[in-house]
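From first to last, the protein sequence lines stand for chains A and B.
First residue of the first sequence: 1, per the UniProt record's numbering; consecutive thereafter.
First residue of the second sequence: 1, per the UniProt record's numbering; consecutive thereafter.
By construction, these hints were calculated from the structure, which means they are not laboratory data.
Since the model is a prediction, treat every value here as computed from it, not as a measurement.
Hints are not guaranteed to be accurate.
Over 10 Å on every C-beta distance to chain A, these chain B residues come out as not near it, computed from the model [what the hints assert, rightly or not]:
1. His56
2. Asp246
3. Gly255
4. Phe263
5. Gln412
Keeping only pairs whose Cα atoms sit at most 25 Å apart, straight-line, the calculated PhoX-like set for lysine-lysine is [what the hints assert, rightly or not]:
6. B/Lys128 x B/Lys338
7. B/Lys378 x A/Lys286
8. B/Lys139 x B/Lys388
9. A/Lys286 x B/Lys320
10. B/Lys46 x B/Lys65
11. B/Lys323 x B/Lys65
12. B/Lys273 x B/Lys338
13. B/Lys432 x A/Lys286
14. B/Lys44 x B/Lys323
15. A/Lys286 x B/Lys426
Cβ atoms here follow ideal geometry from the backbone N, Cα and C, with glycine treated the same way.
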Amino acid sequence: MATRAPERLAAVPPNRPVRHRRLRRHLVHQLDVKGSPYAYVAPFFLLFSAFGLFPLAYTAWVSLHEWTLLRDEQTFIGLENFRTLLADDYFWNATFNTLSIGVLSTAPQLLLAIWLAHLLNRPLRAQTFFRVTLLLPNVTSVVAVVVIFSQLFGRDFGMINWVMSLFGVEGVAWNEGVLSSHAAISTMIMWRWTGYNALIFLAAMQAVPRELYEAATIDGASGFTQLRKITIPMIRPTIVFVVITSTIGAMQILAEPLLFGSYLITGGVDRQYQTLSLFIYENFTKLDFGYASAISWMMFVFIVLVAGVNYLITRRGKGGLT
Amino acid sequence: MRKLRHRFLVPMVAVSALALGLTACGSGGDAPASGGAASQPAEKIKLTVGLFSDFHYAPLYEEFKKTHPNVEIVERRAQFNDHHTNLITQLTTGAGAADVVAIEGGYIAAFTPVPDKFYNLKDYGLDKRESEYLDWKWKLGVSNDGSSLIGLGTDVGGLAMCYRPDLFGKAGLPTNRDEVSALWPTWDAYIETGKKFVAAKVEGAKFTDGPGEHFRAMVEQAPVGFYDAQYNIVAATNPEVRKAFDMGVKMISDGLSANLAAFSPPWNTGIAKGTFATMVCPAWKTGTIKDQKPGEGTWDIAAVPGGGGNQGGTHLALPKQGKHPKEAAELINLLTSKESQVTLFTEASALPSLPALYDDPAVKDYVNPYFGNAPIGKIFTDAAKALKPQPVGPKAGDVLQAIGNGLQRVDQGKQNAEEAWAQALKDVSRIK
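Throw the hints in and build the complete structure from the sequences for me.
Put into structure tokens, the structure is as follows:
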């Protein structure tokens, strides 16, 4: 049809409306086949551009400026913010704290989650009850969690110090030390996320063929051996997934340290638990938007790096995300 | 095809009709605001009031509604720091600010350089009230170039020292508030009293909460604090700041401090349980103490060392985004009126910023039964009268936090005074 010249069409008047209609119908059909899929996926990409891509690009743009709110002109300073940042002790301190809290909270949490999932994967009375219970800490508001845990970890009237005093152990000023504050914050994160991750593991474990366990039981393998030799290799892709999401979450910890320090944006008077997010927040509240944006971008790079390293480590051996 | 078009057309028409309707409402609401008298029946309008804690304004809103039946008032509250950061963001992005906003004294200087973000209250005749106000309080709310009136003052924070008579009794110190006030004409005398308290070894109690608020009080009593008159940060070179820092260090080394940061949860518990015997007390902090329910008469109020001083105090302003500046200005006028400031003093311990009220019996003779019938009217108005105003710069709050953190590091035994001072100055130098 496309090869037909328009003059020829005009030369055959009686056929024109029919042909025209057919051509139009064909075009609409073509458009439908070629265009509709894009229209269907467009909402995601539009939303992603508006709320994901644009902020990312805009933050990069802001990070190249000396950008302060309440002042109308912003001066372009190139990579100066990043240069200052890399020489900033507080930035590296925040990075260290973030990694330390990340490791302290993620590693034991995942082991615990696998173990819990393993327990729940056996025939059990009131299964649903236990599964719902696992998710409860996760639906609790983070503010409530931290407020209660801060009370538990209090120096003068905290329950943990009180219990320790029963055994004749001197109370710890949890808030003041580096290790003690990291441990306290990690406990809050673990309490909140262990059950959630356990449920994901449980879902993966349910997909493992029962026959494998039956065969292993006949061969006399213990529960722990079954966990080690059957369950973990079979759910490796899920482990990779959970490790990566947990890592990303841990890199972005903000509410726990902020509330643990009763809204002290420096994360302790000696910045002993100031995480990267908190450091960004501090510079935003100081209205130093250029600098804060530069930190945000560095954090983005770190997350990609750490997630990548974790992926390589957990992927090693059999299995993988694919 | 036609069907399809039809399906799109109907919602589009509906949406645009709705949009038209909304704009119509908007302009309809505006018209009476610029025109007729307040009593004239007009369309309903809504005013939002953005605050950072309970200002106890609820009864005053009711009063405002008597003369403005068409105005609905909605209050929004945020956490202290967030409130001011949010406000800056809202002003910059041009959306989201409340019609009436509270700006605390530590932040007002961040807003006076940008008068174009706010309605000029002079345009609504509020400059007539200048003569009523404390001179320095009024000036805080005026733009740097003097052309525009940004905020009208609500309260000021006259200083006092709260103390626990029971713990003083156990330590063998006088418990009567006049005798207690006489113990500490100066900060040195205050520390000497603290040493006596420590020597008496009162079970489970230190002499004071922590050095931060004392440091702040002493800096604010000086003629120049963190900023000079040209708004340069002079914290590093001003000997008054170092003197106050050393006083804080001395409080720690003499064992007076309970090592608690003000407004933290353990500090709140300490107020109720009596783990410390004194704390610096601006007028509004008596409300904080009451909130912890330590029991009537547990805390009493004496004069602050060094005589007088101010801590905190707020202004009310109108961001340019507001649609109804006339009504909002009338609301500010009511909230800051003489009668309102008297009510707020007795209800919420907000010390008036109108000096005429300091001789008003309702304020001057006010005694607070919760604090052992302490004559808080007299104590706080004396403190406010004795105040020497000092320039407050835009980032005064950040400077205070940086040096206060240094004192706490000393208090936690992490650093000695020199290390903490050096790091505090480094932190201050990062503040632009």
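Evaluation of the provided hints:
1. Listed as outside the interface, histidine 56 of chain B is consistent with that label: its C-beta sits roughly 23 Å from the nearest C-beta of chain A, beyond the 10 Å cut-off.
2. Under the 10 Å C-beta cut-off, the non-interface status given to aspartate 246 of chain B relative to chain A holds; the minimum distance is some 18 Å.
3. The beta carbon of glycine 255 of chain B sits about 16 Å from the closest Cβ of chain A, which is more than 10 Å, so the claim that it is off the interface holds.
4. Phenylalanine 263 of chain B, annotated as away from the interface, has a beta carbon of chain A within 10 Å; the closest lies near 7 Å.
5. Distance check on glutamine 412 of chain B: its Cβ comes as close as 5 Å (rounded) to a Cβ of chain A, failing to clear the 10 Å threshold; non-interface status is violated.
6. Taking the CA atoms of lysine 128 of chain B and lysine 338 of chain B, the gap is about 14 Å. The hint holds against a cut of 25 Å.
7. Note on lysine 378 of chain B and lysine 286 of chain A: the hinted pairing is violated, with a Cα-Cα distance of about 38 Å set against a maximum of 25 Å.
8. Our distance criterion of 25 Å between C-alpha atoms is met by lysine 139 of chain B and lysine 388 of chain B, whose separation comes to about 14 Å.
9. With a C-alpha separation of about 23 Å, the suggested pairing of lysine 286 of chain A with lysine 320 of chain B holds against the 25 Å cut-off.
10. With a CA separation close to 11 Å, the supplied pair lysine 46 of chain B and lysine 65 of chain B stays within the 25 Å bound.
11. Taking the CA atoms of lysine 323 of chain B and lysine 65 of chain B, the gap is about 18 Å. The hint holds against a cut of 25 Å.
12. For the hint linking lysine 273 of chain B to lysine 338 of chain B, the alpha-carbon distance of about 37 Å lies beyond 25 Å, and the restraint is violated.
13. With a CA separation close to 9 Å, the supplied pair lysine 432 of chain B and lysine 286 of chain A stays within the 25 Å bound.
14. Simply put, lysine 44 of chain B and lysine 323 of chain B have alpha-carbon atoms about 13 Å apart, close enough for the 25 Å limit, and the pair holds.
15. Using a Cα cut-off of 25 Å, the hinted pair lysine 286 of chain A and lysine 426 of chain B holds, with the two alpha carbons roughly 15 Å apart.
Comparing the model with each numbered hint stated earlier shows that hints 4, 5, 7, 12 do not hold.
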